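Each protein sequence line maps, in turn, to chains A and B. All residue numbers for the first sequence refer to our numbering, where the first residue is 111 and numbers rise by one. All residue numbers for the second sequence refer to our numbering, where the first residue is 188 and numbers rise by one.
For the record, the hints were derived by calculation from the structure and aren't laboratory data. Remember, it's a predicted structure, so these values are computed and weren't measured experimentally. Any given hint could turn out to be false.
[Claimed, not checked] If you only want the chain A side, here are some residues facing chain B, beta carbon under 8 angstroms, derived:
(1) 242
(2) 244
(3) 304
[Said to hold, decoys possible] Once the Cα atoms are required to be at most 16 angstroms apart in a straight line, the calculated EDC-like pairs of lysine to aspartate or glutamate come out as:
(4) A:329 <-> B:384
(5) A:317 <-> B:427
(6) A:316 <-> B:380
(7) B:381 <-> A:356
(8) A:317 <-> B:280
(9) B:367 <-> A:330
(10) B:398 <-> A:358
(11) B:215 <-> A:330
(12) B:215 <-> A:322
(13) A:339 <-> B:683
(14) B:367 <-> A:322
(15) A:342 <-> B:352
(16) A:342 <-> B:356
(17) B:307 <-> B:696
(18) A:316 <-> B:384
(19) B:370 <-> A:322
(20) B:307 <-> B:380
Every residue gets a Cβ at the ideal spot worked out from N, C-alpha and C, and that includes glycine.
So the chains spell out like this:
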Amino acid sequence: MKQELGPTGSSHQNKKKTKKKSEEATNNLVTVYIMGKAHKVPAGSTIMGAIEYAGYQIKRGAGCREGFCGACATVYRMPGDFKIYTGLACTTLVQEGMWLAQLPAIPARKAIYDLEKLQPTVETFQLLYPEIFRCVACATCTKACPQDLEVMDYIQAAKQGDIEKVMDLSFDCLCCGLCAIRCPAEIVQFNVGLLARRLYGRYLNKKSQHLEKRIKEIKEHKYDQEYEKLMKMNREELTKLYYERDME
Amino acid sequence: MYPEYMKPSLDKVAQTRAKRFELAKSGKPVFPPMTAEEREKVLQDFHPDYKPDARRQVRVGPNKGELLTAEVADLLESHSRIDPQKFDLSQPDFETDILIIGGGGGGCAAAIEAMRNGAKSIISTKLRIGDANSMMSQGGMQAADMPQDSPTRHYLDAIGGGHFDNKPELVRALTEDGPKIVKWLEDLGVVWDKLPDGTMQVLHGGGTSRKRMHSCRDYTGAIIMRTLMDEVRNHPEMVEILEFMPTVELIIDDQGRCAGGILYNMETEEYFSVKAKATIIATGGFGRLHIRGFDTTNHYGATGDGLVMAYRAGANLLYMDSVQYHPTGAVYPEQIAGFLITEKIRGAGGQPVNKDGELFVFPREPRDVEAAAIIRECNGRKNGITIQSGRVGIWLDSPLIEMLQGEGYINHQFPAMFRQFNRYGIDITKEPMLIFPTLHYQNGGIEINEKAETTIPGLYVAGEASGGVHGRNRLMGNSVLDYNVFGRRAGRNAAEYVKKVKLGKLTLEHVAKYEQELKEAGIKADRIAPVLLPLYTPEEVRKRQLTAHYEGTLR
């Protein structure tokens with residue numbers, strides 16, 4: 111999977127060893143259909159690696175490349191199988207006969223709101239995302255989720271105003287949009303989860319007394335003198351202080 | 188699943204685990220931390236920055252004659268993407284108060300704070316908003332809000348970690364704003380990890396003397412970034428977002444003030460001009476330049492664009508001779524080579540051990556020292572594990588975490604890491620991870636002051652693109668804090684500045700001048716920058732890309 115490593119294709123041991131396609135010939139190759147076109151790519155590649163190996167320069171469809179940003183939502187079918195599958199191109203491995211296409215963008219509605227004027231209650235969901243009440247509990251969203259989240263369950267929790275549960279179940283959501291694009295009730299699940307997390311963080315997470323206290327101390331210039339002393343110290347004085355400091 | 192040939196080494200790690208567990212429980216350091224001299228020696232001998240060919244003199248621009256990371260010098264000695272003469276700036280395509288270059292954490296924090304201070308902005312971003320390293324930080328954010336901690340102690344940790352090269356006023360801004368940032372983010376809806384009574388759940392990071400790492404499980408960056416993006420999107424009347432439209436040059440007015448930029452629509456290949464009273468560079472770092480051929484943890488667009496734009500306009504760079512290699516990048520399986528293994532693993536008690544299952548370094552040295560010690564263990568002492576492709580690594584013993592913190596801790600606190608390895612049949616609650624340092628962070632950048640100002644009036648920089656905050660080595664959790672602190676400061680200060688400034692005639696003369704300077708220095712390279720995206724097309728494909736003349740958009 112050298113094409114994942116960058117233009118030098120070299121390993122971290124600095125041995126320049128750009129892998130050429132011809133070298134791959136001896137390796138295990140599989141055929142995948144990228145937007146319908148057949149390409150032979152190394153078995154064990156991620157879909158993203160395979161697309162680049164085939165010669166495409168990705169513009170839309172790659173972001174963090176490590177499973178955090180959700181830019182690379184991909185749909186695919188397998189030969190002899192009626193099912194439609196979903197995955198992230200950066201973390202899903204190719205299989206023989208895979209027919210795949212990346213989704214360059216997900217049309218999705220996002221409610222515009224002022225967090226300061228919202229209540230952490232079910233009414234907020236009724237107001238901003240009323241379509242969640244159209245959920246038919248088919249669990250297509252859950253099946254589509256590349257993070258294996260219980261998407262349908264958090265939509266049900268949102269309908270009941272259980273914001274803590276929505277926060278908890280949607281915490282690892284990447285907003286890739288595969289749930290929304292598959293939903294027969296046309297719900298934008300990932301934006302519902304995002305709203306719930308913000309409501310939880312703002313209104314329901316227990317406040318931290320020590321944080322308020324420290325902010326007040328800083329505002330009242332409690333650390334000014336010590337800062338000025340530290341900022342005037344030369345390198346030797348700082349070094350001494352640094353290596354002598356105690357550890358928690 | 189690990190291959191059979193790794194089993195003897197894995198068995199040794201399992202055998203020494205009980206002994207290492209007792210050591211960890213004792214509360215004393217599990218391995219003696221290095222002295223100043225020992226740190227210096229391991230860096231000299233094994234850190235990639237200290238290799239003889241790692242640096243070279245840059246031949247043009249404000250830092251002319253200075254030794255910089257060789258790939259950075261190459262980047263700076265590149266041609267512009269545009270011919271300045273072809274641009275008529277008398278009729279700009281867009282006009283706004285502030286042009287924000289980069290849609291990551293720094294850019295979004297700046298947009299929010301600018302709008303709260305009455306200024307409108309345009310965010311110009313190469314990929315989508317939020318496609319940034321900010322999205323990917325896992326372990327946490329430092330801030331000194333615990334009773335046993337103090338902002339000045341955070342200051343000492345940060346400046347010591349940076350080898351005392353940090354600009355004091357920037358470290359003060361960073362550490363003094365810390366607690367306020369925690370609160371600001373919570374008010375925006377960030378879900379911090381807390382104990383049931385509301386006390387922040389904090390951990391150590393490398394080089395910290397107090398536990399002050401605040402987290403959102405191991406999706407810290409993702410939670411913060413999505414919160415900031417969502418808030419930006421709640422204000423379309425104040426912030427216009429232009430995606431897949433990176434800025435490729437700055438515009439300077441006839442008084443030498445920054446006055447916006449030239450944007451490139453990567454899909455239609457058109458250029459647009461934006462006239463702005465102030466400009467904020469928040470373009471992040473350079474991991475996708477693959478310094479010294481290293482794998483990187485960075486997102487797809489991390490090509491150091493802001494550096495070269497600002498440099499051509501005359502901004503000074505600071506510490507661009509220093510590269511951060513994260514101590515723990517994945518080695519196996521190869522599909523995830525170079526991916527980040529969060530430092531929070533070591534914060535929670537995970538230990539780096541060699542092929543014999545033995546500790547060889549204190550697990551929480553500052554990043555450069557820890558990385559150099561791991562390279563020494565692999566390449567110097569030959570105590571690493573070599574995998575079939577030739578890569579070498581050492582173990583990061585994660586099962587220890589469950590023993591120390593209780594069963595289920597990894598599943599709850601490290602869902603991303605668990606998922607990452609579980610896809611390949613490796614259960615990190617039961618087996619360790621194979622790791623080696625990976626290219627992670629641009630320690631230096633465009634020099635700023637505590638107001639996030641550069642030497643060019645009207646040009647501000649925030650986050651990884653800036654230099655001076657972290658000296659020559661950033662500590663874990665200080666970059667998330669950095670982009671929030673300086674993103675906000677840049678947004679607020681730019682919003683104040685635009686109330687007074689009256690721009691003169693817009694020009695791109697500095698681009699032409701820089702081109703002239705390249706010519707006079709005899710630099711004939713055909714490199715073009717900003718690079719925008721790395722090239723991962725295999726050689727065999729490139730050999731067939733034989734279009735003789737490019738016309739229109741069909742290449």
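Each hint tested on the structure:
1. 242: violated (17 angstroms)
2. 244: Interface hint status for residue 244 of chain A: violated (23 angstroms vs cutoff 8 angstroms).
3. 304: Since chain B brings a Cβ to about 6 angstroms from residue 304 of chain A, closer than 8 angstroms, the hint holds.
4. A:329 <-> B:384: With a Cα-Cα distance of about 25 angstroms, the restraint between residue 329 of chain A and residue 384 of chain B is violated, given a limit of 16 angstroms.
5. A:317 <-> B:427: violated (34 angstroms)
6. A:316 <-> B:380: This hinted pair holds, its Cα atoms lying about 10 angstroms apart.
7. B:381 <-> A:356: violated (25 angstroms)
8. A:317 <-> B:280: Violated: residue 317 of chain A and residue 280 of chain B sit about 46 angstroms apart, past 16 angstroms.
9. B:367 <-> A:330: Judged against 16 angstroms, a Cα distance of about 13 angstroms means the pair holds.
10. B:398 <-> A:358: Distance of about 7 angstroms is within 16 angstroms: holds.
11. B:215 <-> A:330: violated (36 angstroms)
12. B:215 <-> A:322: Answer violated: residue 215 of chain B to residue 322 of chain A is near 32 angstroms, above 16 angstroms.
13. A:339 <-> B:683: violated (31 angstroms)
14. B:367 <-> A:322: holds (9 angstroms)
15. A:342 <-> B:352: holds (14 angstroms)
16. A:342 <-> B:356: holds (11 angstroms)
17. B:307 <-> B:696: violated (27 angstroms)
18. A:316 <-> B:384: holds (7 angstroms)
19. B:370 <-> A:322: holds (8 angstroms)
20. B:307 <-> B:380: Not OK: residue 307 of chain B and residue 380 of chain B at ~34 angstroms, beyond 16 angstroms, violated.
Taken one by one, the earlier hints fail for this structure at numbers 1, 2, 4, 5, 7, 8, 11, 12, 13, 17, 20, listed in ascending order.
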